[in-house]
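Student: Relying on the hints, combine the two individually framed chains into one complex.
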Amino acid sequence: MKLAFASAALIFLMLLSSVNAFDVAIFPAKQGISGWKAECFIEIYNNSTKDIVCKIRIENPSSHTRYNESGIFDTATNGRDMKEFEDLPDFSWIKVPKKIIIPAKNGSNYTVSRLPIKIDIPQRSKYAGKKYEVLIVIAPETNNTIKTTLASRLLIETPEMKRMPSLPFPFLFLLLLPLLRRSRK
Amino acid sequence: MKEKIVALAICLAIAGVAIPAYASETATITVTVTPTGTLSISVTPTTYDFGNLAYGSEANTGTTGYFTVSNDGTLACKVQIYASNTANWTLGSSPGYNIFVVNATTSTWASAITLTTTAQDFITSLNPGSSQTFDIGLKMPTSGDTTAQQSIIVTLQAVAI
Numbered sequence: 001m002k003l004a005f006a007s008a009a010l011i012f013l014m015l016l017s018s019v020n021a022f023d024v025a026i027f028p029a030k031q032g033i034s035g036w037k038a039e040c041f042i043e044i045y046n047n048s049t050k051d052i053v054c055k056i057r058i059e060n061p062s063s064h065t066r067y068n069e070s071g072i073f074d075t076a077t078n079g080r081d082m083k084e085f086e087d088l089p090d091f092s093w094i095k096v097p098k099k100i101i102i103p104a105k106n107g108s109n110y111t112v113s114r115l116p117i118k119i120d121i122p123q124r125s126k127y128a129g130k131k132y133e134v135l136i137v138i139a140p141e142t143n144n145t146i147k148t149t150l151a152s153r154l155l156i157e158t159p160e161m162k163r164m165p166s167l168p169f170p171f172l173f174l175l176l177l178p179l180l181r182r183s184r185k
Numbered sequence: 001m002k003e004k005i006v007a008l009a010i011c012l013a014i015a016g017v018a019i020p021a022y023a024s025e026t027a028t029i030t031v032t033v034t035p036t037g038t039l040s041i042s043v044t045p046t047t048y049d050f051g052n053l054a055y056g057s058e059a060n061t062g063t064t065g066y067f068t069v070s071n072d073g074t075l076a077c078k079v080q081i082y083a084s085n086t087a088n089w090t091l092g093s094s095p096g097y098n099i100f101v102v103n104a105t106t107s108t109w110a111s112a113i114t115l116t117t118t119a120q121d122f123i124t125s126l127n128p129g130s131s132q133t134f135d136i137g138l139k140m141p142t143s144g145d146t147t148a149q150q151s152i153i154v155t156l157q158a159v160a161i
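Protein chains in written order, with the numbering used here: chain A, 1 to 185; chain B, 1 to 161.
Pulled out of the complex, with its shape left as it was, chain B reads as follows (with noise of 0.2 angstroms):
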């Protein structure tokens, strides 16, 4: 009697294994999208003069938004910032003979950036359509072997996010 209910067990057991549970069964699908759009930015104005300055001396474009970058496009982006050299300057992190300073801030120049001739986050989001003032500061060199005026060209570089 006992091998019996043994054996009873055993095949209960194996049936319980091999007959599937067709209950409650889920299905799902993955369904994905990949947004696109268009990345385009602009500047407003184009050109700023700072006019006369002495050697050591440092200007600004004020405090209260000299220029405007907007973002054109249909995607957000990250704008980064950089600057050239000119004909005789080269750009540096602090005043020599021969070297500039450019600085950018989008608030107080305490919280301002040092450019640098590679791309460097600026502005670390603008949406669609919306726009952002900043201000550029120029800091001139300690001293430098001409007096001929000197280009600076700052570029303003979209990053999609």
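With the rest of the complex left out, here is chain A (with noise of 0.2 angstroms):
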């Protein structure tokens, strides 16, 4: 009895220990979604004593200049991180809030708002079967001249659609060439 409380107690101990003390956080950095449209989420931690506001923003990665590991800018990537992804072509397909308000932590708990994201993608055959990504940036207010911000990927994968089978037209002059003859009959 006296081992297994002691073992409870230090599993215990060892998960305090590897959670990082921070102030805003966010769940998920990243996340893929399939389909044209959808509804997703971020979850914003709050384990600060004060009300965060943050601002909302989308962008797109080819807006950010990306160095390689080298320390040179990799054009190459075009500011983009996932190569097989491209920039999303319209930001009103994606409807999120400007700001919102995550209260104080309460006690010692950290506070949890969920950032709702509706994604509505035209469905149009040429949008269908792309990669796209897009970043939603968190940029709590705050008064300090060195700020952060945190950006959630988003991974945007729309399905491919089905086309009509296109017919050649000596096949259709074929099929039409008894129906012209009965017509001159």
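Don't take every hint at face value.
[Said to hold, decoys possible] Listed below are the simulated BS3-like cross-link pairs for lysine-lysine, each with C-alpha atoms no more than 30 angstroms apart in a straight line:
{"#": "1", "chain 1": "A", "residue 1": "Lys105", "chain 2": "A", "residue 2": "Lys162"}
{"#": "2", "chain 1": "B", "residue 1": "Lys78", "chain 2": "A", "residue 2": "Lys118"}
{"#": "3", "chain 1": "A", "residue 1": "Lys95", "chain 2": "A", "residue 2": "Lys50"}
{"#": "4", "chain 1": "A", "residue 1": "Lys147", "chain 2": "A", "residue 2": "Lys30"}
{"#": "5", "chain 1": "B", "residue 1": "Lys78", "chain 2": "A", "residue 2": "Lys105"}
{"#": "6", "chain 1": "B", "residue 1": "Lys78", "chain 2": "A", "residue 2": "Lys130"}
{"#": "7", "chain 1": "A", "residue 1": "Lys162", "chain 2": "A", "residue 2": "Lys126"}
{"#": "8", "chain 1": "B", "residue 1": "Lys78", "chain 2": "A", "residue 2": "Lys95"}
{"#": "9", "chain 1": "A", "residue 1": "Lys55", "chain 2": "B", "residue 2": "Lys78"}
{"#": "10", "chain 1": "B", "residue 1": "Lys78", "chain 2": "A", "residue 2": "Lys98"}
{"#": "11", "chain 1": "B", "residue 1": "Lys78", "chain 2": "A", "residue 2": "Lys131"}
{"#": "12", "chain 1": "A", "residue 1": "Lys99", "chain 2": "B", "residue 2": "Lys78"}
{"#": "13", "chain 1": "B", "residue 1": "Lys78", "chain 2": "A", "residue 2": "Lys50"}
{"#": "14", "chain 1": "A", "residue 1": "Lys147", "chain 2": "B", "residue 2": "Lys78"}
{"#": "15", "chain 1": "A", "residue 1": "Lys83", "chain 2": "B", "residue 2": "Lys78"}
{"#": "16", "chain 1": "B", "residue 1": "Lys78", "chain 2": "A", "residue 2": "Lys30"}
{"#": "17", "chain 1": "A", "residue 1": "Lys30", "chain 2": "A", "residue 2": "Lys98"}
Worth flagging that the hints you see were computed from the coordinates, not collected in a lab.
No experiment lies behind these values; they were computed from the predicted model shown.
Tutor: Spelled out as structure tokens, the structure:
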């Protein structure tokens, strides 16, 4: 019995020590979404004793300057870490609140607010079978001159569209030929 | 006799194709897992006062790492950096009339990057629980139309890698 209690206490202490001290954190930092329409969320944690107001904005990764591991500007990826993904053509496809308030922590427990995100991509063939990456940037408002923001990656994959098989002209002509002959008779 | 041999050979060949071999068959399953965690960074201190500086002069926070950015989350991240215009000055790549320059470095000023108003990679990887020191430099406009105090906001942005 004593051994079990000691083990439980040890596990609890290990869990506590594994948690880093933070003021604001987000979850998830990266999420994959498949389909034309989707609803998802980002959880924002407040571990401070003050209410936090976060401004939300959408950014395409290509608006950033990316450096490779040698510290040289990486023109090949044009700002994207996820090379197989391209920029979202239209930010209006994503509906996200422009501002969210996360209440101060309750005693020793951090508080959580959910940032709802709605994705609605027009179902057109030119957007089918695409991989889009977009960043949802969460910027806590502070009076500091050195600020921090957190960016969550949305990786959106649109489904392929089934195309109608196109009939070649000679084949269509052969199909219509009997009808044309009958009409002549 | 020859025909019989040929017929037998054909039968054996067909049987060889038709009878499935069950020996050494392997079954595999694919197990996938996507690690998730929290993204969080902090920076200390959160302000710096360059004091009174003449137009055309330069200053920096030193070379020993005045600021420290820490990864307080449970995921490795890269840290990007960008700066803002001030009330009267525009951020640029070289000083000019009402144009100022902000640099940042994690090591020497020779390897400093010039900040822009859009995010650029600053620290390529910062593991959970670890931190990185950095310094900021300022090149004042060559000349300007104000003597009012200007506030420059420098932002560090965490992006999961």
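Student: Next, verify each hint and record whether it holds.
Tutor: Outcome of the hint check:
1. A:Lys105 <-> A:Lys162: Roughly 50 angstroms between the alpha carbons, so the hint for A:Lys105 and A:Lys162 is violated.
2. B:Lys78 <-> A:Lys118: 26 angstroms, holds
3. A:Lys95 <-> A:Lys50: Holds - the C-alpha atoms of A:Lys50 and A:Lys95 are around 27 angstroms apart, at most 30 angstroms.
4. A:Lys147 <-> A:Lys30: Judged against 30 angstroms, a Cα distance of about 22 angstroms means the pair holds.
5. B:Lys78 <-> A:Lys105: 27 angstroms, holds
6. B:Lys78 <-> A:Lys130: At roughly 26 angstroms apart (the allowed maximum being 30 angstroms), A:Lys130 and B:Lys78 satisfy the hint.
7. A:Lys162 <-> A:Lys126: The hint holds at about 12 angstroms.
8. B:Lys78 <-> A:Lys95: 26 angstroms, holds
9. A:Lys55 <-> B:Lys78: 21 angstroms, holds
10. B:Lys78 <-> A:Lys98: 24 angstroms, holds
11. B:Lys78 <-> A:Lys131: 22 angstroms, holds
12. A:Lys99 <-> B:Lys78: It holds: about 24 angstroms lies between the C-alpha atoms, which stays within 30 angstroms.
13. B:Lys78 <-> A:Lys50: 27 angstroms, holds
14. A:Lys147 <-> B:Lys78: 16 angstroms, holds
15. A:Lys83 <-> B:Lys78: 16 angstroms, holds
16. B:Lys78 <-> A:Lys30: 13 angstroms, holds
17. A:Lys30 <-> A:Lys98: 20 angstroms, holds
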